[in-house]
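A.B. asks: Work the whole structure out from these sequences, hints included.
Every number in my numbering is 1240 more than the matching position in the sequence shown, counting from 1.
It cannot be assumed that every hint is accurate.
Unchecked claim - The list that follows gives simulated cross-link-like pairs (lysine to aspartate or glutamate, DMTMM-like), each with its CA atoms no further than 20 Å apart: (1) Lys1339 - Asp1405; (2) Lys1427 - Asp1405; (3) Lys1377 - Asp1308; (4) Lys1431 - Glu1390; (5) Lys1339 - Asp1352; (6) Lys1427 - Glu1407; (7) Lys1453 - Glu1390; (8) Lys1427 - Glu1380; (9) Lys1372 - Glu1417; (10) Lys1345 - Asp1381; (11) Lys1377 - Glu1319; (12) Lys1345 - Glu1384.
Claimed, not checked - Now the in silico label distances, taken between C-beta atoms and shown as ranges: (13) Thr1469 - Lys1370: 49 to 55 Å; (14) Pro1421 - Asp1356: 16 to 22 Å; (15) Val1335 - Thr1451: 40 to 46 Å; (16) Thr1446 - Ser1311: 39 to 45 Å.
Quick caveat, the hints were computed from the structure, so don't treat them as lab data. Source: prediction; values computed, not measured. In this text, a Cβ means the ideal position worked out from N, Cα and C, and glycines have one as well.
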Amino acid sequence: MDFLHIGKKILAYLAATLLGLNCTFLLLNYHSADGGKESIPSVDEMIPEPVQKLPHTLKSLSKSPDRDLVSLSLPVVQEYIAGHLQTGTPVLRLVYQDKIYYLNKDLEFVSDSATDAIVLTSEQIQFDLKSKTLAGKSVEDTIELIHYAEQYHNIYPRISEIHIDPEIGWMLYLNGERLLPIVLGRKEFEKKMLYLTHLLDQLGQTELLSTAKFVDLRFKDNVIIKKNT
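C.D. replies: Structure representation (structure tokens):
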């Protein structure tokens, strides 16, 4: 038995638990002047916590200058996708300009469909004519988010949709008695998944979370729970 490995896991769990307990849960009510949809304020990022890291090659993809990024809607792109579909189980259902594409977890196009695939909605996704794949910062960040979400049993199986908003950033919609929006913003997904798993462990069965309008993980050292009013 690898006692060193077990010891490291216990220490990591204790550190994560303390971090979760120290996280402040604030109840905020936002109201727009016209009574319409409220805006979510921009906020600082939170402190990262260590979990299993992504491969360095994946993290460096977005820095490659050898690219020719274009819209998925171009006829040449549509033709290429139709003729080069991969086989395998789709995990994402990309909805882009009224079209649906099925993707594996590496965001490669696949021929099979799946009604239980996570919906991905974004106008930020682009296609690289040189590598003939989806590309751009939004793609790498989405792969990173999925990678870290997969490590938590109370997060990944509950994800109904991943949405990339040009202003807010990344959002998750979690299944439950109703869809619960989780505002992630940008960057530091490993730490935000750690915060989210502890939030769900501690408050997942409470009325506070079950009736929340949304959860915002962008505030530094705080988790914001927006009440339904």
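A.B. asks: Now tell me if each hint is right for this structure.
C.D. replies: Structure-based check of all given hints:
1. Lys1339 - Asp1405: holds (18 Å)
2. Lys1427 - Asp1405: At roughly 14 Å apart (the allowed maximum being 20 Å), aspartate 1405 and lysine 1427 satisfy the hint.
3. Lys1377 - Asp1308: holds (13 Å)
4. Lys1431 - Glu1390: Roughly 13 Å separates the two Cα atoms, so the pair holds.
5. Lys1339 - Asp1352: holds (15 Å)
6. Lys1427 - Glu1407: holds (14 Å)
7. Lys1453 - Glu1390: Roughly 24 Å separates the two Cα atoms, so the pair is violated.
8. Lys1427 - Glu1380: This hinted pair holds, its Cα atoms lying about 11 Å apart.
9. Lys1372 - Glu1417: Roughly 40 Å separates the two Cα atoms, so the pair is violated.
10. Lys1345 - Asp1381: Roughly 12 Å between the alpha carbons, so the hint for lysine 1345 and aspartate 1381 holds.
11. Lys1377 - Glu1319: violated (24 Å)
12. Lys1345 - Glu1384: holds (10 Å)
13. Thr1469 - Lys1370: 49 to 55 Å: holds (50 Å)
14. Pro1421 - Asp1356: 16 to 22 Å: holds (20 Å)
15. Val1335 - Thr1451: 40 to 46 Å: violated (28 Å)
16. Thr1446 - Ser1311: 39 to 45 Å: holds (44 Å)
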